[in-house]
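Visitor: Residues per chain are reported as follows:
2 protein chains.
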Amino acid sequence: MKKERTAVSDPLWKRYMDLVKKEMIPYQWAVLNDDIDIFIEKERDDDFIPNEKSHAMENLRIAAGLSKGEHYGWVFQDSDVYKWLEAAAYSLEYEPDEDLKTIADGVVDLISKAQQPDGYINTYFTIKAPERKYDDLVESHELYCAGHLLEALIAFNRATGSEKAMQIALKLADNIDANFGPEEGKIHAADGHEEVEIGLMKLYHVTGEEKYLKLADYFLTIRDSSPEVYKKQCEPDNGKGFIFNSSCEPQKYNQTHLPVREQETAEGHAVRLVYMCTAMADVAAETGDEQLAAACRKIWKNITEKRMYITGGIGQTVSGEAFTLDYDLPNDTMYCETCASIGLVFFAKRMLRLERKAEYADVMERVLYNTVLSGMALDGKHFFYVNPLEVDPKKGKKDPTKSHVKSVRPQWLGCACCPPNLARLIASIGDHVFTVFDDNTVLVDLFIRSELKFETDSGEVTVKLESDYPKSGRVVLEVRNNSDEPVNLGIRIPSWSEKNRGYVDGAETETETKDGYWYVRILSGTHTAELDICIEPKRWYANTAVSEDIHKVALARGPQVYCVEETDNGKDLHCLSLKESGKLECEWREDLLNGVFVIEAEGVRYSQNPDGNGLYLTEKRQEKTPETIRFVPYHTWGNRGENEMHIWLHETE
Amino acid sequence: MKKERTAVSDPLWKRYMDLVKKEMIPYQWAVLNDDIDIFIEKERDDDFIPNEKSHAMENLRIAAGLSKGEHYGWVFQDSDVYKWLEAAAYSLEYEPDEDLKTIADGVVDLISKAQQPDGYINTYFTIKAPERKYDDLVESHELYCAGHLLEALIAFNRATGSEKAMQIALKLADNIDANFGPEEGKIHAADGHEEVEIGLMKLYHVTGEEKYLKLADYFLTIRDSSPEVYKKQCEPDNGKGFIFNSSCEPQKYNQTHLPVREQETAEGHAVRLVYMCTAMADVAAETGDEQLAAACRKIWKNITEKRMYITGGIGQTVSGEAFTLDYDLPNDTMYCETCASIGLVFFAKRMLRLERKAEYADVMERVLYNTVLSGMALDGKHFFYVNPLEVDPKKGKKDPTKSHVKSVRPQWLGCACCPPNLARLIASIGDHVFTVFDDNTVLVDLFIRSELKFETDSGEVTVKLESDYPKSGRVVLEVRNNSDEPVNLGIRIPSWSEKNRGYVDGAETETETKDGYWYVRILSGTHTAELDICIEPKRWYANTAVSEDIHKVALARGPQVYCVEETDNGKDLHCLSLKESGKLECEWREDLLNGVFVIEAEGVRYSQNPDGNGLYLTEKRQEKTPETIRFVPYHTWGNRGENEMHIWLHETE
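One line per chain: the protein sequences are D and V, in this order. Sequential numbering from 20 applies to the first sequence in our numbering. Sequential numbering from 20 applies to the second sequence in our numbering.
Among the hints, a few may not be true.
Since the list can't tell identical chains apart, any single copy or any two copies may satisfy a pair.
[Stated by the list, open to error] In silico DMTMM-like cross-links for lysine to aspartate or glutamate, where the CA-CA straight-line distance does not exceed 25 Å: (1) K602 to E555; (2) K413 to E281; (3) K643 to D534; (4) K376 to D630.
No lab work stands behind these hints, which were simulated from the structure alone. Keep in mind the model is a prediction, meaning the values are calculated, not measured.
With these hints in hand, go ahead and build the complete structure from the sequences.
Guide: Below you can see the structure in the form of structure tokens.
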């Protein structure tokens with residue numbers, strides 16, 4: 020993989036990166052240290068969700084011998100700190116900050132103290148069950164946490180050059196390598212929650228050490244036979260995991276139902292699935308394993324063509340936070356966990372490295388501008404775990420089967436995986452703008468104002484992306500090619516766009532595409548390529564196979580899916596209907612929701628005729644009154660108090 | 020209350036009564052004795068549902084000291100036997116049967132042996148926890164079972180004159196009276212599941228003993244203060260019930276959140292709520308307690324005007340098998356337990372005794388012809404616990420949150436409350452046809468071919484109802500009034516009907532109504548009143564406040580709600596749309612589903628255009644093809660194999 024650096028200066032994303040730096044990182048630091056008085060909400064009604072405090076930093080201090088006490092929180096509580104550290108690292112890379120660096124150095128120091136002499140680290144097991152290390156893999160999350168720690172340490176090393184961070188990472192990875200692998204005497208099982216594979220691949224990418232690639236591949240390959248080990252490990256515990264009483268049987272929930280190379284559909288826990296696929300695509304790109312690549316393509320296709328919401332949300336049911344079946348996309352009971360969408364971004368990015376197809380970037384963009392950003396409030400201090408497409412706050416309160424569907428973002432969550440995951444993704448958004456290949460092909464995947472630098476064999480190349488997309492669709496790429504080799508610039512043409520215009524060095528050109536990219540060959544010197552994407556509000560329709568969306572329409576403007584909120588449209592949003600060929604007017608509102616285009620659309624409101632007060636009537640006692648319906652970008656919903664929200668609206672002629 | 024007897028000879032209901040006698044009672048007897056090889060399904064995915072066997076009769080034998088072993092099944096497993104006995108009693112009353120009587124006598128005998136010397140009876144506690152008798156009331160179901168036993172014994176006594184049955188009943192009721200009541204030293208709490216109040220009221224009606232009325236009233240009155248006792252009882256068990264770890268706090272789930280007289284909405288577990296209301300209305304009718312009656316009216320109104328499905332189903336969520344909130348009526352995740360609808364029939368019947376309003380009978384009819392009958396297969400040997408309005412079998416299998424929504428009736432259920440409840444209601448359907456008052460008013464509530472006999476102070480009155488309703492709408496009532504007093508015949512005019520015609524002694528008459536009844540005064544001698552109800556297929560619409568049904572239509576013919584099934588209409592029923600003013604044609608099909616009218620309606624099928632294969636598209640790539648849509652009565656659905664089913668269909672112009 021090419022060494023590349025992208026500096027972001029985008030109006031929208033820089034605001035979010037500043038928010039991460041100024042608000043999220045300090046806020047989350049306070050939460051992880053239990054230094055702030057907040058209400059931690061359970062992500063759904065469940066007795067076993069720990070929500071008294073975070074205790075994540077204290078767990079590390081106890082494990083390091085610097086403090087006394089019991090472990091508190093989930094078995095994977097450590098990962099909150101690791102994701103925070105990773106976010107802090109990206110943030111430091113984006114903008115130096117001595118205070119933050121001091122704190123982060125302290126965290127690395129603490130981690131090194133909590134790490135056992137053999138390289139093992141996990142506060143739950145160190146404090147609570149040292150004799151069961153790597154001995155309840157179906158649910159222990161030890162390798163899951165290790166994967167997050169590897170990612171964090173590698174990011175911190177990249178940002179600060181910290182040798183200590185790299186030493187911890189190597190020691191940890193070597194501990195894993197010593198304990199897991201095909202050799203006799205090692206454990207022949209993968210973690211119940213994929214993630215370590217991603218961390219190991221990152222370590223492979225930065226060190227070039229084959230053993231980490233091999234170990235990542237091994238963990239994927241033994242996935243379906245891991246339950247044999249799970250069962251043996253759980254024998255003393257009546258055949259079930261000793262922490263949560265989890266089943267040790269092969270199951271879709273943790274993708275152990277089939278060899279990964281034979282999996283064709285997205286099954287089970289959505290975050291697990293996309294983390295697994297991320298690693299699969301990464302390994303396949305390195306090893307050229309065609310079976311692995313084919314499985315990635317099939318699962319990708321299954322997700323994006325049959326099991327993904329228009330917002331890029333995935334996970335159709337709260338039960339197991341999981342996928343269900345093709346075209347089953349309920350709007351008000353779904354899960355659409357923020358972390359699952361984040362994982363889908365990672366998966367898309369790895370697919371882009373595997374093959375140069377814009378469909379991966381199209382989905383990545385859809386996910387980023389909708390479900391990822393909706394995962395947090397505009398203040399950076401409130402977070403959604405679940406991102407619904409339709410909410411009636413009354414129902415979430417009165418029907419326990421909808422307890423996971425919240426209409427206001429909580430300050431923190433019993434399972435706090437999403438908030439720091441958001442922070443690390445946003446802080447590293449620059450890594451997702453371009454994909455650079457060894458043959459000097461540069462794919463422009465996202466239209467985020469930024470500057471990319473990389474080296475060819477003969478000199479430096481700078482690609483400057485100028486745009487305020489998606490406010491406007493004008494994207495200017497200035498390439499300074501100070502090398503002797505031509506650069507092949509592939510500019511993504513969004514699949515939803517039409518009537519775009521392209522210019523090379525000022526002259527209008529055809530914008531023919533290959534797999535969704537418009538390729539411009541840039542020879543030495545400075546050249547520009549410009550793409551004018553026609554961004555106007557569009558109606559979107561779901562395939563009729565989606566029973567929940569039939570006879571309904573959604574609006575989007577560019578990559579941003581829109582929604583209606585009660586605040587703008589009154590109660591009973593289900594009574595609104597959008598006119599099929601009515602006008603859609605856009606207005607920029609600088610004052611609203613940090614600056615958004617509002618779409619006003621012609622519609623009608625259905626209501627019960629005052630003389631038709633019964634619940635069921637043999638006559639249709641309904642009135643239809645014209646109404647202007649007001650849409651705002653989906654990712655901004657829920658920032659103006661508790662209220663109803665809908666993405667899909669009924670369509671009328 | 021008037022002593023009355025109604026003999027049923029109705030074509031539809033006699034078939035069901037025969038089914039109860041010939042199939043259900045023997046089948047259920049075999050199940051209760053574990054004498055038949057069947058698969059007992061869990062009513063939903065839940066680890067703690069016992070589904071290995073029934074063991075209900077064996078529990079009684081163990082408690083009676085006639086067998087050795089452990090108790091198996093729910094804490095309320097006894098009630099399955101009691102409801103079976105009640106059904107057997109009504110069946111014997113309907114048609115004598117020496118073999119069945121011998122078996123039933125044996126059951127009564129066994130019950131008398133299982134009854135403790137002090138009158139107490141409950142196999143769970145006798146076998147498993149004799150020291151905790153009446154000591155875990157929040158979840159023990161002891162009084163719930165006692166209520167069912169009282170109902171069974173009273174029915175058996177009515178059918179056979181069994182003195183033994185009455186003695187067991189009195190001894191049991193007196194045990195309850197000795198243990199519960201306002202007096203010091205007695206327990207000041209009601210059972211967590213209402214039912215005993217209904218049994219006590221029946222005992223009061225047959226014995227005239229005031230103490231049973233007072234005790235029933237007491238149990239209602241102390242309902243909201245019962246949690247104080249629950250909490251004390253559960254102190255040794257960490258403050259939660261010792262069987263299921265139930266909360267002892269006042270809660271809507273078991274209607275302890277407010278004094279019953281202050282409850283205005285239907286809250287909590289649906290069966291509990293309607294059983295409570297049944298007793299409330301019964302007590303109010305006897306005591307003239309206006310507060311109690313007012314609460315009944317308010318809750319009735321809340322259920323039937325805001326929280327009831329068009330099928331008469333109640334209970335909107337699987338979580339707690341409970342009500343949720345007004346107008347929240349999802350069609351594919353609801354609960355609509357068969358027992359809840361049965362309880363709603365009981366509540367309606369008690370309201371009819373409280374006040375002469377046809378709306379109670381209208382709802383009773385809706386419930387009986389739809390959700391009650393849909394609770395069982397046409398073979399009498401398969402049963403639904405949950406009665407959905409929309410099913411896609413794939414979804415129930417792949418989404419655990421829909422595990423309760425089955426598309427084929429199981430042979431038996433882990434919690435088997437519904438099958439014998441159906442048997443006892445159907446076997447006693449005659450009790451619901453008429454409501455006879457002391458002033459010789461006879462309300463004709465259901466149009467079921469039958470003969471009613473009752474005595475006035477001066478002689479016998481016979482009311483013969485001749486009809487094959489709802490096949491046709493012609494109802495002829497022949498009244499032989501052999502007394503000196505006039506009989507006031509109130510014939511219900513269904514609220515959905517119009518253009519009806521009435522005849523008295525052959526002469527056409529106005530059919531003016533008072534509270535939904537057309538009153539005809541019958542002097543001595545034999546007279547006829549005839550009502551020709553215009554029965555034709557009708558379109559029904561839900562109030563626009565019901566988000567799930569907006570833009571949708573349902574069909575009904577008379578009291579029978581109709582549905583579409585995949586067998587008749589192919590897959591993807593959500594793609595069908597009914598033409599707003601298309602023709603609805605009815606055809607009698609003697610060969611189909613035991614004889615039904617099939618409705619054929621003009622409609623269209625939406626489908627994705629073959630070139631529109633994406634999941635989300637910016638163009639509506641849909642095709643509309645005309646299609647004749649075929650409807651069958653809802654209660655017959657699911658009798659032709661696993662398939663999709665919908666009641667509500669999209670409506671198009």
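Visitor: It remains to establish, for every hint, whether it holds in the given structure.
Guide: How the hints compare with the structure:
1. K602 to E555: Answer is within: at 12 Å inside a copy they meet the 25 Å cutoff, but 43 Å across does not.
2. K413 to E281: Classified as between: cross-chain Cα gap 22 Å, same-chain 43 Å, threshold 25 Å.
3. K643 to D534: neither (46 Å within a copy, 32 Å between copies)
4. K376 to D630: between (58 Å within a copy, 21 Å between copies)
Hint compliance for this structure: hint 3 alone is broken.
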